[in-house]
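Protein chains: 4
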Amino acid sequence: MDYQPLLEHIRQEIEVYAHDGKQADYIPALANVNPDQFGLCLNILDGRTYHLGASDVKFSIQSISKVFSLAVALSLLGKELWQRIGKEPSGTAFNSLVQLEYEHGKPRNPFINAGALVTADVILSLIDNPKEFFINFVRTLADNPDINYSEEVTRSELSCCNLNASIAYLLKHHGNLHNDVHDVLDFYCTMCSVEMSCEDLSRAFMAFAKSSQPFSHAGVNLSISRVKRINAIMQTCGLYDESGEFAFLVGLPAKSGVGGGIVALYPSRYSIAVWSPRLNSKGNSIMGMKALELFTSETEESIF
Amino acid sequence: MDYQPLLEHIRQEIEVYAHDGKQADYIPALANVNPDQFGLCLNILDGRTYHLGASDVKFSIQSISKVFSLAVALSLLGKELWQRIGKEPSGTAFNSLVQLEYEHGKPRNPFINAGALVTADVILSLIDNPKEFFINFVRTLADNPDINYSEEVTRSELSCCNLNASIAYLLKHHGNLHNDVHDVLDFYCTMCSVEMSCEDLSRAFMAFAKSSQPFSHAGVNLSISRVKRINAIMQTCGLYDESGEFAFLVGLPAKSGVGGGIVALYPSRYSIAVWSPRLNSKGNSIMGMKALELFTSETEESIF
Amino acid sequence: MDYQPLLEHIRQEIEVYAHDGKQADYIPALANVNPDQFGLCLNILDGRTYHLGASDVKFSIQSISKVFSLAVALSLLGKELWQRIGKEPSGTAFNSLVQLEYEHGKPRNPFINAGALVTADVILSLIDNPKEFFINFVRTLADNPDINYSEEVTRSELSCCNLNASIAYLLKHHGNLHNDVHDVLDFYCTMCSVEMSCEDLSRAFMAFAKSSQPFSHAGVNLSISRVKRINAIMQTCGLYDESGEFAFLVGLPAKSGVGGGIVALYPSRYSIAVWSPRLNSKGNSIMGMKALELFTSETEESIF
Amino acid sequence: MDYQPLLEHIRQEIEVYAHDGKQADYIPALANVNPDQFGLCLNILDGRTYHLGASDVKFSIQSISKVFSLAVALSLLGKELWQRIGKEPSGTAFNSLVQLEYEHGKPRNPFINAGALVTADVILSLIDNPKEFFINFVRTLADNPDINYSEEVTRSELSCCNLNASIAYLLKHHGNLHNDVHDVLDFYCTMCSVEMSCEDLSRAFMAFAKSSQPFSHAGVNLSISRVKRINAIMQTCGLYDESGEFAFLVGLPAKSGVGGGIVALYPSRYSIAVWSPRLNSKGNSIMGMKALELFTSETEESIF
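Residue numbers (my numbering), protein chains in the order written: chain A, 58 to 361; chain B, 58 to 361; chain C, 58 to 361; chain D, 58 to 361.
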């Protein structure tokens, strides 16, 4: 099947949502992005690749980085990681302190901010040059040496991360951060600042889509079972407090970021990345979600 | 592949858990069940069927009935149903009132008790003989006319359903129950009392596993898209507050009940039902979960 | 001191608030009251009485009845009562289920609905003709045999008490209601339906203001210490989730009702009842609160 | 009346509780205190003073400092303060983040940690040498120039204040801290480290007990109405999540600290300070509460 006509059709169908929502504006680097952009890249396991729109424009991946940091932390710590982080959907906002207090500092899952702070802490504890290690890992996955952190984004995030600082100190209070809080926040914000295009992301997530073979990239090694489990967590927790809706509408493991990117995958078949900065009230890209919903509806290729 | 040797192997592996946990004991009909039973039935889409242990012994399906009632309610009301029930994991216990109060009487999803009370209410409003209609639907799916409600279980449940009554009155307060509270509780408890064997359940869930074709059974009609969406909700919300763990360990859409049954499915491949009465602290069958984890690990056939 | 000129002055001062807020409208009997009424009655311990406005017009006392039922239940059960009800401010709305769930069915205090349902249950268990006993107690306190229940209000409340039913079933679930839920709701709604004037209420609460002598009225007997403790609970919990504000502004033990009445007392000095149907968002009479604030500010006679 | 025999009697009565509970041990400076000490000082408005036990031994006043900082902040900012802090009992632990998140960063009252961080922030913003100003204010109230901060306690508190840091960053996130978080924490911990004896505290709180005259001490000026309102907040919120119980048992405005001190007052009559390091599960001195309960029961001198 040639997917290009379908992708063009989807592009037309979602045009009606082109001006709904607005981009994240809590830091200048995100607020200043032109919101009227859309890109998509589809990688089929057989080697074919399809592009649409601004598929080669880099954007801030933000929370999508949480999948990469989970992969690294799980590779480093193994199943002990699950003594410090749960695997359940949170049922609350990604930055909520309420559940974390009730559950004594054990984050619900690795994709809420609290959980990703813990994965950052694990990496800081066990890797000598964590920033170099991490960017090298991402570059290797995406097969693109030009991927970088954005210093501007890191700086901005650090200057307005009071809520994350509050979460981090609560984790520290419960003994679930081993490094200095400011070091953890710095590394967390740095990882969120990575800039990638849809092409980069789609290619990088092929490593997770190939879940029937072991994962071994740039020093990060995961068994088949662990790759499948990362995919399972993407399925149940990948789109903040809209993960159930996304599973319902799209039916694929995926992860989103407030930069407007969403990357999804069909195990053993394909990975697909979309990007459009305008977000809904849950922090997910409106055109991105719609494009993915149409894609799995038209192809009838959801995992369900 | 002949699955029988694998199933026998799994049976031996899980023997070590045979005396962990205990059965539900809040009503005599469940407390009096012999807890040391185990059954399993696997139906492959190509027609093969495999059995293990007490696969033909009937047990109380309890919350597994919520999948059937969701199918009926969705068939009757269509997408309007989602104005009365959400699709997100709850992040809290299946019988919690907290979230329901904060969210003004809209249950998080159709598989927590509050959500299933609403699906019961929908059916009561739109079907003349709801109990007859429902049991006929279940019998048709399982191709077994000998499936029945247990009057004893219904009576017992009704005599100790104060918490469900509390939830029902809170729904009523918010305008999200249209029928008399006691009629809804009666119908809800009746549906939970259905008794089926693993063979019955596995066969019945083949209708959901066949998600690439429309669902049309005993007057309940669902499009391909709706069947897939029911499966997606099973994936994110099917095992109470352990749905994330189950997705992580097993990786299949599934639904469990406090009678000790769990039924899971791999879309377009197979459905599998297990039963063993001893439960963990979340209300899910210990041996059942373990058996399913081993099955998807050994076959490497999870959807992820 | 002659209080009449001060009371007249207060009446003028609060005129500016005469049209703020609106009366309770969840039942016809309250919705149909003329909202533009105001009454006040002040009883000094030395025997003097002062009146203002519609001080002799009867209105629905609603939650003010919770003080009377607490007095009866405490007289009957003694300190054992505090094993079933707490004494702490709730920090949440008077009809919240959240705290009750977290605290396993022990209401925070006797003046939230959950707590008053438990006091009603205690009375039902220990008194043969509870409705006769209760109205006789209230008539004796107020020295007015013409005080009665309103059957219309009771009927209306019972027909729209889904939220209280939800609370009652949650109490029942936790073993903290011993009688039939519907009997408890019926008695609870009946007690709330009592109709009294400001004159009646002010006179009745003199029994609590006289806290340096034992309380013995119509078969209800309380030691000095217990009367003081009822007053203390009025201080910390008497005005729903506005008790702190009221202590801050007025500085007297008091109890309010959604009928627009508030009755307050200065131990060993006076009791004062006000009534005006228009309520603020917390369910307390706007003109009533303002009148009491002015009264204690002008006289500098708060307990603090 | 000569209170000395009564005080001696109380001392004997509470001996039975002498070994219940244990002192705070989260910092060495508190853990190393001899827990088996008891002191009491009573100041009557007519000038008489009574002593019992270790009434002249200094201890860490901890949260009792929150009354002094509230007085300063209210003097500085006036009623605008109440736009940043509420006046309601919290119904939850003194260090809970849950309510603060739900209520968007406005602390429930000035005596929970979140509220006291805001009063510290107000003082930092408006006073040039806040630490000097504050200690001078406390010395003036207690008429004792030898009262000092404990540098050791301040240092210890600062080294283990992750939970307060979490609260402070959440306040900052909501715009309710204007100064640098670390400056606020430093000033907050410094104020908590003040060391005073029962004699100092009882004398200092006479300024609040004299609520029928304006408060003007060391540059801190409060109207009669404002003093009464501080007393009202002590009544409803002064003993953490045990304020209702304390009002019930003792019936006086009061403030406690985890150093084991409690100071209470009867407006226009007396102030009384007790100290004993062993605490109950709510963080209040066991012997201290018991002594005060006996004192108001025996004298029948509660405000109710």
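Source of the hints: derived by calculation from the structure; they are not laboratory data.
Any given hint might turn out to be false.
As the list makes no split between identical chains, a pair holds if one copy fits it or if it spans any two.
Cross-link-like lysine-lysine pairs, in silico, BS3-like; alpha carbons within 27 Å at most [what the hints assert, rightly or not]:
| no. | residue 1 | residue 2 |
| --- | --- | --- |
| 1 | Lys339 | Lys267 |
| 2 | Lys79 | Lys339 |
| 3 | Lys267 | Lys347 |
| 4 | Lys339 | Lys188 |
| 5 | Lys79 | Lys267 |
| 6 | Lys188 | Lys347 |
| 7 | Lys339 | Lys163 |
Right, here's what the structure says about each hint:
no. : hint             : in the structure
1   : Lys339 to Lys267 : neither (29 Å within a copy, 33 Å between copies)
2   : Lys79 to Lys339  : within (12 Å within a copy, 36 Å between copies)
3   : Lys267 to Lys347 : both (25 Å within a copy, 25 Å between copies)
4   : Lys339 to Lys188 : neither (29 Å within a copy, 40 Å between copies)
5   : Lys79 to Lys267  : neither (34 Å within a copy, 40 Å between copies)
6   : Lys188 to Lys347 : neither (34 Å within a copy, 39 Å between copies)
7   : Lys339 to Lys163 : both (23 Å within a copy, 18 Å between copies)
Violated hints for the displayed structure, listed by number in ascending order: 1, 4, 5 and 6.
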